[in-house]
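Using the sequences plus the hints, can you model the full thing?
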Amino acid sequence: MIAAADLINIALIVAFVTLAFGQTLSMVRLVIGPTSGDRILALDTMVINALGLVIVLGVYQGVQIYFEVALLIAMLGFVSTVALARFILRGDIIE
Amino acid sequence: MSIETVGTYAVALFLLIGSGFVMVGVIGLLRFNSPMTRLHAPTKVGTMGIGALLLASMGHSFLLGEGSMHELLIMAFLFVTAPISANFIAKVNIHQRSCDAPPAPPQDATWSTLNVLPEDAEVEAVNES
Numbered sequence: 001m002i003a004a005a006d007l008i009n010i011a012l013i014v015a016f017v018t019l020a021f022g023q024t025l026s027m028v029r030l031v032i033g034p035t036s037g038d039r040i041l042a043l044d045t046m047v048i049n050a051l052g053l054v055i056v057l058g059v060y061q062g063v064q065i066y067f068e069v070a071l072l073i074a075m076l077g078f079v080s081t082v083a084l085a086r087f088i089l090r091g092d093i094i095e
Numbered sequence: 096m097s098i099e100t101v102g103t104y105a106v107a108l109f110l111l112i113g114s115g116f117v118m119v120g121v122i123g124l125l126r127f128n129s130p131m132t133r134l135h136a137p138t139k140v141g142t143m144g145i146g147a148l149l150l151a152s153m154g155h156s157f158l159l160g161e162g163s164m165h166e167l168l169i170m171a172f173l174f175v176t177a178p179i180s181a182n183f184i185a186k187v188n189i190h191q192r193s194c195d196a197p198p199a200p201p202q203d204a205t206w207s208t209l210n211v212l213p214e215d216a217e218v219e220a221v222n223e224s
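So the sequences go chain by chain: A and B.
Going by this note's numbering, 70 is the number at position 70 of the first sequence; the sequence numbering is gapless.
Going by this note's numbering, 188 is the number at position 93 of the second sequence; the sequence numbering is gapless.
Hints in this document: simulated from the structure, not taken from any laboratory.
Heads up, a few of these hints could be off.
[To be verified] Which chain A residues face chain B? A few, computed with CB under 8 Å, are given here:
| hint | residue |
| --- | --- |
| 1 | Ile8 |
| 2 | Ala11 |
| 3 | Leu19 |
| 4 | Thr35 |
| 5 | Asn49 |
[To be verified] Simulated crosslink set (SDA-like; lysine to any residue; CA at most 20 Å straight-line):
| hint | chain 1 | residue 1 | chain 2 | residue 2 |
| --- | --- | --- | --- | --- |
| 6 | B | Lys139 | A | Phe21 |
| 7 | B | Lys139 | A | Val14 |
| 8 | B | Lys186 | B | Ala196 |
| 9 | B | Lys186 | A | Ile94 |
| 10 | B | Lys139 | B | Phe116 |
| 11 | B | Lys139 | B | Phe172 |
| 12 | B | Lys139 | A | Met27 |
| 13 | B | Lys139 | A | Met75 |
| 14 | B | Lys186 | A | Val82 |
| 15 | B | Lys186 | A | Thr35 |
| 16 | B | Lys139 | A | Ile73 |
| 17 | B | Lys186 | A | Ile93 |
| 18 | B | Lys186 | A | Leu89 |
| 19 | B | Lys186 | A | Pro34 |
| 20 | B | Lys186 | B | Thr132 |
| 21 | B | Lys186 | A | Arg86 |
| 22 | B | Lys186 | A | Ala83 |
| 23 | B | Lys139 | A | Val54 |
| 24 | B | Lys139 | A | Leu71 |
| 25 | B | Lys139 | A | Phe16 |
| 26 | B | Lys139 | B | Asn182 |
| 27 | B | Lys139 | A | Val47 |
| 28 | B | Lys186 | A | Arg39 |
| 29 | B | Lys186 | A | Phe87 |
| 30 | B | Lys139 | B | Pro178 |
| 31 | B | Lys139 | A | Val82 |
| 32 | B | Lys186 | B | Thr176 |
[Unchecked claim] Covered by chain B, according to a simulated footprint, are these stretches of chain A (three or more residues, beta-carbon under 8 Å):
| hint | region |
| --- | --- |
| 33 | 20 to 28 |
| 34 | 37 to 43 |
| 35 | 51 to 63 |
| 36 | 72 to 82 |
Glycine included, C-beta positions come from ideal geometry on N, C-alpha and C.
Pasting the structure below:
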């Protein structure tokens, strides 16, 4: 059985690698497209993955200061997704 | 086995569960073959994946002896906003006719997303071209 400290180090490495890989795959979907709905979805997924990277960085360093960063990324990601979708739906964001 | 050891194993387990959901979601985003099926994979990243990572973060803060429940705020915010953004992206897909048109609604004349008002006809013409 693996010691607990070793296991958490392995899990942190796995989480970092997975989230970075996810950012790369989302960027591929952002480039190849084909519709603008897919591009908005890829950007939304990239924001979510960046949020996960910030959270895992906070676990890795053992500090609490990344909480505000994660909350701001979550709120701005939602607002930007809605603004992009609304621009395509209506041709304008604030009418 | 002490309580710290159990907590450390739980934190590592939640990190691995979150990584698994993130991996499944982004592979689905890349591999599925129509816009509407691609939409449903990354919503698991936003709820289950980030939810498990936030649980790991909370457990780790309790292990360090300075426990916090702040992360519940991010979790609640994401669980409320993820369906709204998914609904908006689905409306974009329907509006651009990039998926099969939904069947006619039972009681009304047409779907609100597809029913373009006269003053928005210009926008629709731009989107179709």
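Q) Lys186/B and Ile94/A: Cα distance at most 20 Å? A) 18 Å, holds
Q | Pairwise hint evaluation, Val14/A against Lys139/B, where the allowed Cα distance is 20 Å at most | A | OK: Lys139/B and Val14/A at ~18 Å, within 20 Å.
Q | Hint consistency between Lys139/B and Val47/A [alpha-carbon to alpha-carbon, up to 20 Å] | A | 14 Å, holds
Q | Pairwise hint evaluation, Asn182/B against Lys139/B, where the allowed Cα distance is 20 Å at most | A | 14 Å, holds
**Q.** Satisfaction of hint between Phe21/A and Lys139/B, Cα-Cα up to 20 Å
**A.** This hinted pair holds, its Cα atoms lying about 16 Å apart.
Q. Holds or violated: are the alpha carbons of Lys139/B and Met27/A at most 20 Å from each other?
A. 18 Å, holds
Q: Under 8 Å, Cβ to Cβ, is where Leu19/A needs to be relative to chain B, so tell me if that hint holds or is violated.
A: With a minimum Cβ separation of about 6 Å from chain B (threshold 8 Å), the hint on Leu19/A holds.
Q: Would you mind confirming whether the straight-line C-alpha gap from Lys186/B to Thr35/A stays at or under 20 Å?
A: 13 Å, holds
Q) At a threshold of 8 Å, is the proposed contact between Ala11/A and chain B supported by beta-carbon distances? A) 4 Å, holds
Q.
Next pair to validate is Lys186/B with Thr132/B; report whether the Cα-Cα distance is within 20 Å.
A. 14 Å, holds
Q | Holds or violated: Lys139/B to Leu71/A, with C-alpha atoms at most 20 Å apart | A | 19 Å, holds
(Q) Need the status of pair Lys186/B, Thr176/B: alpha-carbon distance at most 20 Å? (A) 16 Å, holds
Consistency note: the structure conflicts with none of the earlier hints.
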